[in-house]
Amino acid sequence: MSAQGQPEAAPVATGAVEEEIARYVAEKTGTLPEVGQDLFATGLANSMFALELVVFLERTYSVTVAGADLQLPNFRTAESMAALVGRLRAEAAADGDG
Amino acid sequence: MDVPILAVVGAGVMGTGISTLAVGRGLPVVLVDVDEAVLERARVAIASGLRHSQLVGALPVGCAPAELRTTVSLDDVAAAGAVIEAVTERAELKAELLAKVSTLVRPGTALISNTSGIPIDEMAAGVRRPGDLIGTHFMNPAYLISMVEVIRGPRTADETVDSVLSLLTRLGRRAVVVRDAPGFVTSRLLHPMINDAARVVSEGTATAEEVDALMQGCLGHPTGPLRTADLIGIDNLVDALTVLHARTGDERCRPSELLLEKVRRGELGRKSGRGFYVYREAAS
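Heads up: the sequence lines are chains E and G, in that order.
Heads up, the first sequence is in this note's numbering, so the first residue is 1 and it goes up one at a time.
Heads up, the second sequence is in this note's numbering, so the first residue is 99 and it goes up one at a time.
Source of the hints: derived by calculation from the structure; they are not laboratory data.
As the structure is a computational prediction, the values presented were derived from the model and not from experiment.
Even for Gly, the Cβ is constructed at its ideal location relative to N, Cα and C.
Mixed in with the good hints, there may be bad ones.
[To be verified] Here are the computed distance ranges between Cβ atoms for each label pair: (1) E:Gly-36 <-> G:Ser-244: 26 to 36 angstroms; (2) E:Asp-95 <-> G:Arg-350: 54 to 64 angstroms; (3) G:Arg-350 <-> E:Ala-41: 52 to 62 angstroms.
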C-alpha cells in the first residue's frame, strides 16, 4: 500500500497507454499526435470521433466510462485519456480487492 | 405535468437518432418497426446515442431520460401527440405508411415525414387530413445537430407548422421552414456535391481523404463531403439522389457508379463499418 494513497503501478503503465492511444489516433486520422496535444482544438478529433475514442478505451482496457467521467475534457489528449484509464483500472482493482 | 408521447415509425438510423434526441430531452417515445431484431439494435443504438450526447454536453442538465418503448404494432401510435415517420427513403412506402397512420391518430395530430428530399405533397394524397402532414429533415446524428429543415407542403395547415415548431423547440432544435420542392434546400445543394465528390475519386483526381481535406481546409466544410456520405449512409444517399434525379432531371443527381458499387458491396458508411472510410470501432 502506498502511504500517499496513490496507486503505485499507474504512473509506470500510463506512458505506454498514452503511446497506444496516440497510435490509435494516428491510425484513424493519419496524424500522430503529441501525448499532450489537444485533439479537438487541433482538428484531429470531433464530436463523432469522441465516441469512438470512448469505445476504443473501453474495449482495449476493459474499463467502463460512465457518469461524470463521460465528458469531453477527459478525452482531449492522449495524456488525459491514459490518466482516466489508470484511475478507472485502479478503482476496479480496489473494488476487486475489497 | 402531462408529457405528450412522441411516436417514431421506422427504427433505422434516423428513427433511432430522433428517438435518442427526444428521450434525452425528457420526451417519452414509442418507437415502431416491423422487425424485432431492428428494434433490439435500435435500443442498443439509443443507449449509445445517449452516452454520446452526454459525452459532448448535448444533454440538458438535470433532465433524466424519458421512457423508450419499442413495438411492432403500428396501432400503438394512436395515443401519440405527434408522429414522426422515418422509414426508408421511398415515396410509395412513406405515402402508404402515412395514410395508415392518419387513420389511427386523433385529428390534429401532426404527421411528420422525416425525409431528405421527397416532396411532402407527393405523400399527402392518401392521408386522411392533408393539413396535418408536414416534413422535417433532421441531420444525422439528430441528437447532436441542432438545426432542422422543416418543409411546409402546399396543403400543410398553420396549426401543424406551429405544433411542429413548438415540438422542435422543446427538443432544443432550431428550425428553418422552407417550401416544398425535391430535395428542399439542404439535399438539393449537398447531395449533388457529394455525388460529384465520389466522381472525383473514381476519376482518380484525388483520394477520398484528399477531397475531404481540401473541402475542410480550403472551403470550411466541417467534415468533408465523403465523410458526410458515410454518416448519411450511402444507400440512403443513393435513394435520395434517385428521388432528386427523377424529379429535377439534373444529371448531377444521377447516382454515380462508385456510390452504386458501394451499395452493392454493402459498404454503406458508418452504420456498416465501412464506406469511403473504415470504422472498426463503430458503436453498433
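Results of checking the hints against the structure:
1. E:Gly-36 <-> G:Ser-244: 26 to 36 angstroms: The hinted range 26 to 36 angstroms holds for E:Gly-36 and G:Ser-244, with Cβ atoms some 31 angstroms apart.
2. E:Asp-95 <-> G:Arg-350: 54 to 64 angstroms: Given a distance of about 59 angstroms, which is inside 54 to 64 angstroms, the answer is holds.
3. G:Arg-350 <-> E:Ala-41: 52 to 62 angstroms: violated (36 angstroms)
Violated hint: 3 only; the structure is consistent with all others.
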